[in-house]
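Taken in sequence, the protein lines are chains H and E.
Numbering-wise (numbering that gives the first Met the number 0), the first sequence opens with residue 0 and increments by one.
Numbering-wise (numbering that gives the first Met the number 0), the second sequence opens with residue 0 and increments by one.
Accuracy of the hints is not assured; some may be wrong.
Since copy identity is lost for identical chains, a pair holds within one copy or between any two.
As the list claims (entries may be wrong) - The calculated lysine to any residue pairs, modelled on SDA-like cross-linking and capped at a C-alpha distance of 25 Å, are: (1) K242 <-> S371; (2) K392 <-> E206; (3) K330 <-> R164; (4) K392 <-> L356; (5) K392 <-> S229; (6) K330 <-> E5; (7) K253 <-> Y186; (8) K392 <-> T189; (9) K392 <-> S300; (10) K330 <-> M99; (11) K253 <-> R26; (12) K392 <-> R434.
These are computed hints drawn from the structure, not numbers from a lab.
Given the structure is predicted, the values throughout are model-derived calculations rather than measurements.
Residues per chain are reported as follows:
2 protein chains.
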Amino acid sequence: MAVNLEELAAPEPDGSPVGLWPTSMRRQAGELTLGGVPTSQLIAQAGTPVFVVDEADVRMRATAWKRAMDSAFAGLAGADVFYAGKAFLCVAVARWMHDMGLAIDTCTEGELRTALAAGVPGSRLGLHGNSKSRAEIELGLDAGVSHFVIDSLAELALVESIAARRGDVARIVLRVTTGVHAGGHEYISTAHEDQKFGLSIASGAAERAIEETLAAEHLELAGLHSHIGSQIVNVAAFAVAAKALLDLRARTAKMTDHVIPEVDFGGGYGVRYTVADAVPPSPEEYARVLAAAVQRHVADSGLTPPRVSVEPGRSIIAPSTVTLYRVGTIKPVVLDDGVRRYVSVDGGMSDNIRPALYGADYTAALANRQPSEECVRTRIVGKHCESGDVVVKDLALSADLGPGDVLAVPVTGAYGRSMASNYNTVPRPGVVAVRDGRWRWILRPESVSDVLALDPDWAHV
Amino acid sequence: MAVNLEELAAPEPDGSPVGLWPTSMRRQAGELTLGGVPTSQLIAQAGTPVFVVDEADVRMRATAWKRAMDSAFAGLAGADVFYAGKAFLCVAVARWMHDMGLAIDTCTEGELRTALAAGVPGSRLGLHGNSKSRAEIELGLDAGVSHFVIDSLAELALVESIAARRGDVARIVLRVTTGVHAGGHEYISTAHEDQKFGLSIASGAAERAIEETLAAEHLELAGLHSHIGSQIVNVAAFAVAAKALLDLRARTAKMTDHVIPEVDFGGGYGVRYTVADAVPPSPEEYARVLAAAVQRHVADSGLTPPRVSVEPGRSIIAPSTVTLYRVGTIKPVVLDDGVRRYVSVDGGMSDNIRPALYGADYTAALANRQPSEECVRTRIVGKHCESGDVVVKDLALSADLGPGDVLAVPVTGAYGRSMASNYNTVPRPGVVAVRDGRWRWILRPESVSDVLALDPDWAHV
């Protein structure tokens, strides 16, 4: 076996923001406590599986982004941080972001309504989406969103026609493809991009969209946008993309005399899922690299600096959350090179599709009591009827694990609950926020009856 | 570009069961009609996106399996067909299966309750699952399920303890790993299997489970089970696995004098998603190969023949269903070797995760009107904020496509709605059954308010 299991064991929680655990997590009297709430209390009252969000941790990470951007861009034209709602959004999370001074990126009616219900003003909301419906565009205009992010000339025309009929002016941010793609430590840079998002700089589509936006009576060209990938820990990739975006801004100014007021460098800031992952750059490091790119652009072009946005989602919400699962059956499976212990839990690919979808690695720790000193080679699997239903592929875990024990899987705050399904008619877990020794639901758990309620032939039996 | 687009264009519907479309689909007066219901009527009344199931097609495919197995095993000890509910289950589908003489495989409380609500007697239900909860085992015993499929010694002990406390006897089917894995045209055969399902024959775990089941007062050893993979079109793989399973039955009879009455050869029977896929074997071909394996076993061992089960899911429900999407934005993307037209629709990875999850290929056709003679290189993408949100990767599609057109994607009946999510707070589509010119919901569509109703801080705004 190539992997070193010891390296994949979860570290004990120590309050470090890159220690994999939410910063308030501690092991006390043997069991894990989060936000001052012991695992035993949580599982007795909220059940399993359950997502548990450390509210203070979310606020800390949101604030870290806000402060880093404010500080780096103080001498320029300032900055905004848009929380990427797709990672995980509910009314409480939207409120926290707004409290901490962040704006929010939405991309559908549902995300928009959630943020509005949290009291976030439209002016603090962006509306993304490569295929917005008319109703979504109308809702965006009704709410007075900060801007519409646009990926095609067709959608630009659609927004213009709707805004014209209403006598409104829609603020437009044009998403462009710079050719830079990144993820992890590597990045590539190509001319043409084969993807649904963005208007190509290389093909001229981006410039044409700029011209059309400037010419349209009911559109205001507010900004340019670039998004280069996911789970990126390479700050250099952001610098390359930023330069391409800022060069387009400079060319536009030269050609049209219009100085585009904003640029958005998108999201994709990486997090650590296991100790095998590198410690990602801090918000300060990302902000410093982006500010340096803007500084150079201002010096080279002589233009006034743009106001800058970034769109972190995962890096704010993922590390703040753990999933608690209850252990079911355990069995040893004999392999050619030894024995692997399969530990089944009461959730799986319905609450975390990332291992199956992206081959994502996670780790886990025994949550309800002190683990034994001895660890054994373990795979944590879900309860779904699919062999790819893996929760943690490889880890070293307490040798004395038994049915009924509780496992905590860290870094599950992003793309876990937000991508959850009812596969095998399994109800989706709820999300609990913990803070100062108290917990509350911020998303209720489903019951089997909730799931079956969509069936018109269902009668409660 | 390596793919031949013409080969990936959807054929016109012609009533063929392997023509990719449900057998009742026709193009009439330009538009597609399904079960006698025109696309225009469906989208006007049910909206998009929507799953549309051809009820007669489902019944035809279910009956084909039932007849094939009955016929092949008539001279032996007979056969049962268990519909694999995980592919897609709702009360109506469970009723159809029961009507056509099929039993149903379930693996959770929700699937079990759905089948029971349909009036399927417990004796016609199997209960799978590698990590059944106590509540699920109790519910299975309450319902008098035909059998519990068991994957571990730990779960065997758990079922025995629960049955003992109740004074019940649980019928047990032991799932074993034969080392045979298949998918598509290839199969492999190994001794050890690194997966959560099954008790290994090679390691001795299967024989130990047989002994423990036979020794347990509250367990009845009803059968042996093997499942070798998904999307298999290679009948030889089933023959190899069947032999391993039947050899174990023969060894058991020799060692214990117990002749295990049933064997279950599992599921995994492949379907065609595009015309590039081979035409899969018919139920008759699979049944013939399995019956031949049993015939040889009876001849070699001198034992009475076992009653045989199979568990088709996808092969019954997938080809019966199409998804209708409405076209949103369309844009050309310039590539190094030409132009690809990106067509966005009003659904995507939230209603069909298979392209992102398995790299699955699909095709599509223009549904609401006659396509133009000319086709262009097209990719159909969803509306989610993820570049992997692809519906159909490569196809040739009518050159005159425009916003508001309706596309039909065939073969979406399995693992589409059943794995659907609310990613980006997008409501899940409903499922419509069509028959004899009429349609009705068999699973209601969600509204945005349905999705937000799980948020305790949500107030309808």
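Structure-based check of each hint:
1. K242 <-> S371: neither (52 Å within a copy, 43 Å between copies)
2. K392 <-> E206: neither (46 Å within a copy, 27 Å between copies)
3. K330 <-> R164: between (65 Å within a copy, 24 Å between copies)
4. K392 <-> L356: both (13 Å within a copy, 17 Å between copies)
5. K392 <-> S229: Both. Shortest intra-copy (21 Å) and inter-copy (21 Å) distances satisfy the 25 Å Cα cut-off.
6. K330 <-> E5: Classified as within: same-chain Cα gap 21 Å, cross-chain 49 Å, threshold 25 Å.
7. K253 <-> Y186: neither (30 Å within a copy, 62 Å between copies)
8. K392 <-> T189: between (34 Å within a copy, 21 Å between copies)
9. K392 <-> S300: Result: close neither inside a copy nor across copies, 51 Å intra and 41 Å inter.
10. K330 <-> M99: neither (46 Å within a copy, 38 Å between copies)
11. K253 <-> R26: neither (60 Å within a copy, 54 Å between copies)
12. K392 <-> R434: neither (31 Å within a copy, 45 Å between copies)
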